[in-house]
Amino acid sequence: MAKLTYKMIPEGMLKGKYIPLNIAFINLNDVKACGITPKEAFEAVAKTVEGPVGMNIFDPDCVTTTSDGVMVDGTTVFMAAADRGIINKDFGYLEMIEMPYSEKLIEEEPHLLQWDANYKGKKLFRGPDPHTKLIPVHNVCISGRASNNNSATEMMNIITMEEILLPILGQQQIIENGEVVLGLTGGVISVGIGMIMPEMYGRVFPTRQFPAGETAHGSGIYAQTLKAHIPCIVADKSILAKYIIRALQAGCIPGRTVGASPAVLAVAKHMGIAPDYDNITEKAYEELASIGCTKEWMQEKVEILTPEEIMLKADEIIPGIEDASKFKAEELVQVVTVEV
Amino acid sequence: MKLMHTKLPEFLKKMKVAATESSCPKEITIRGLENLTSAKMQSLRTGRIEHAVGEMTHKEGVEKIDLVVIPRVPETMHTVIIKGMDKDGNVKNAILELVNILHPTEEAELMGCKDVDDRRPGIGRH
Chain P
1 MAKLTYKMIP EGMLKGKYIP LNIAFINLND VKACGITPKE AFEAVAKTVE GPVGMNIFDP
61 DCVTTTSDGV MVDGTTVFMA AADRGIINKD FGYLEMIEMP YSEKLIEEEP HLLQWDANYK
121 GKKLFRGPDP HTKLIPVHNV CISGRASNNN SATEMMNIIT MEEILLPILG QQQIIENGEV
181 VLGLTGGVIS VGIGMIMPEM YGRVFPTRQF PAGETAHGSG IYAQTLKAHI PCIVADKSIL
241 AKYIIRALQA GCIPGRTVGA SPAVLAVAKH MGIAPDYDNI TEKAYEELAS IGCTKEWMQE
301 KVEILTPEEI MLKADEIIPG IEDASKFKAE ELVQVVTVEV
Chain B
1 MKLMHTKLPE FLKKMKVAAT ESSCPKEITI RGLENLTSAK MQSLRTGRIE HAVGEMTHKE
61 GVEKIDLVVI PRVPETMHTV IIKGMDKDGN VKNAILELVN ILHPTEEAEL MGCKDVDDRR
121 PGIGRH
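Protein chains in written order, with our numbering: chain P, 1 to 340; chain B, 1 to 126.
Everything labelled a hint here was simulated from the structure, so no lab data went into it. From a predicted model like this one, the values you see are computed outputs, not experimental measurements. You may find that some hints are simply not true.
Calculated cross-link-like contacts (lysine-lysine; reagent style PhoX-like; alpha-carbon spacing at most 20 Å) [to be verified]:
#, chain 1, residue 1, chain 2, residue 2
1, B, 40, B, 16
2, P, 32, P, 122
3, B, 40, B, 64
4, B, 114, P, 47
5, B, 114, P, 89
6, P, 328, P, 17
Start from the sequences and build out the full structure, keeping to the hints where you can.
Okay, structure coming up:
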C-alpha cells in the first residue's frame with residue numbers, strides 16, 4: 001500500500017468565509033509516486049469524506065492560461081466531484097485535454113505568443129475535450145450535491161446553492177505552499193472574468209466564441225454583481241502581477257492579445273503599455289466603466305514602474321477582491337494522508 | 001401511436017394508483033414535476049415506472065413511497081422568453097435568451113442508500 005498526501009479545505013467556516021463543500025487539492029506528482037491512476041486517487045480521497053467534495057489533481061509542470069489569457073505555470077488536469085464517497089459514473093469525473101504545440105494554434109490564438117516567449121517545451125492544458133464529455137455545455141463534474149465547474153475553478157453545493165471561486169493561480173499557490181488571499185470576489189473580479197480570450201477547448205468555453213476585446217458576460221452594469229458575494233481563494237497580487245508582467249513583456253497587448261481585465265489593464269498602465277482601445281467593444285467598456293475602469297482611467301498618466309516595483313506595489317496597483325485577508329496557503333488547508 | 005406518450009395528469013394518476021391500489025397499498029409523494037403544466041411522458045418508461053412503484057409497495061420495511069423526477073443529465077438548457085404584453089394581454093415584444101441549469105445528481109436523493117437497482121439505460125439510449 002502506498003500513501004497519498006493531499007490538501008483539504010473542509011466544508012464550513014474558514015477564517016470568516018463560508019466554504020460550501022469539502023475541497024481536495026492533489027499534486028499529480030504525488031499520484032504518480034503512488035503508482036495509481038488519477039481516478040483511483042479521486043476514489044481513495046472520496047471515500048474519506050462524508051459529505052460533498054470537489055477534487056482537483058494539479059500538474060505543476062505544465063502551463064495553462066487564465067480567463068484573461070495570461071499564461072501561468074501549472075493547472076488542474078483532472079477534476080472530480082463526489083458525495084458520500086460516491087463519484088457519479090457518468091458525470092463525476094473529467095480530464096483536461098492537452099493542446100499540442102503548433103504554429104497554427106499560435107496564429108489562431110495570438111495570446112499564445114507567451115508560450116514561445118516564456119514557456120517553450122511545456123505542455124498546455126485548459127479545458128476538457130467537448131467530444132468526450134457527457135454533460136452538454138459546462139466543463140463540470142457533478143455527483144449528488146457536489147459540483148466542480150469551469151474546469152475545476154469554481155465549486156458549488158447545488159443543494160445549498162453556495163459557491164466558491166478557485167482561480168488557477170490560487171490553486172497553484174495552495175499546491176506550492178505559497179501565498180494566498182481569501183476574500184469575496186467582488187465587482188472588479190466579476191467583471192474581469194468576463195474579459196476572456198478566444199480559445200479552443202478553453203476552461204469555460206469549448207470554442208472561440210468571444211473575440212478578444214469582447215465581454216463574455218454582455219450584462220452591462222449587472223456584470224459586476226454576477227459573482228460579487230461569492231468567496232474566493234486567489235494568489236497574492238504580487239504573484240498575479242508577476243505573470244501579467246511576463247505576458248506583457250512577451251508582447252501581449254490588452255484587449256487584443258491578452259484580455260482587457262482590470263488587473264491586466266492596471267499593470268499595463270504602470271508599464272506604459274496602452275490597450276488596443278479600438279478593439280475593445282462598447283459592451284466591454286460599459287462593464288469596465290461600471291467598476292471604475294473607464295477609458296479616462298486607462299489613459300491617465302501614472303508612474304512607470306519596474307517589474308519589481310509593480311510586484312511590490314501590486315496590492316495598490318491591481319484592483320479587486322473585497323473583505324480580503326492574506327494567508328500562507330498552509331494556514332487554510334489541512335494536510336491529509338490516505339492509503340491507496 | 002396513442003400509446004407512445006402519456007399525458008402528464010394520466011402519468012401522475014397511474015403512479016398514485018400503482019401505489020395506493022397495490023395489494024400492499026402505500027402512500028406516495030411525487031416530486032419534480034410541479035413546474036410542468038402540459039407535458040407528454042414517454043409511455044414505455046411510464047409502464048416500467050408504474051411497475052417499479054408497484055414492486056416497491058411490496059418491499060419489506062417500506063412504509064411509504066417518494067417518487068422524484070430529476071434530470072438524467074444534470075445540466076439542462078432552457079429558453080427564456082421575456083415577453084412584453086400589451087393592455088389586451090397580447091405579446092407585443094419578446095426577447096429570447098438562454099440559461100443552462102445545473103442540478104444535483106441522484107446521489108443527493110439516495111442519502112447513502114446501498115440497495116439501489118439502477119435500471120436506467122446508458123446516456124443516449126431509451
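Hints, verified against the model:
| no. | hint | result |
| --- | --- | --- |
| 1 | B:40 / B:16 | holds, 17 Å |
| 2 | P:32 / P:122 | holds, 18 Å |
| 3 | B:40 / B:64 | violated, 26 Å |
| 4 | B:114 / P:47 | holds, 14 Å |
| 5 | B:114 / P:89 | holds, 15 Å |
| 6 | P:328 / P:17 | holds, 16 Å |
In summary, the structure is inconsistent with hint 3 from the numbered list given earlier, while agreeing with all the others.
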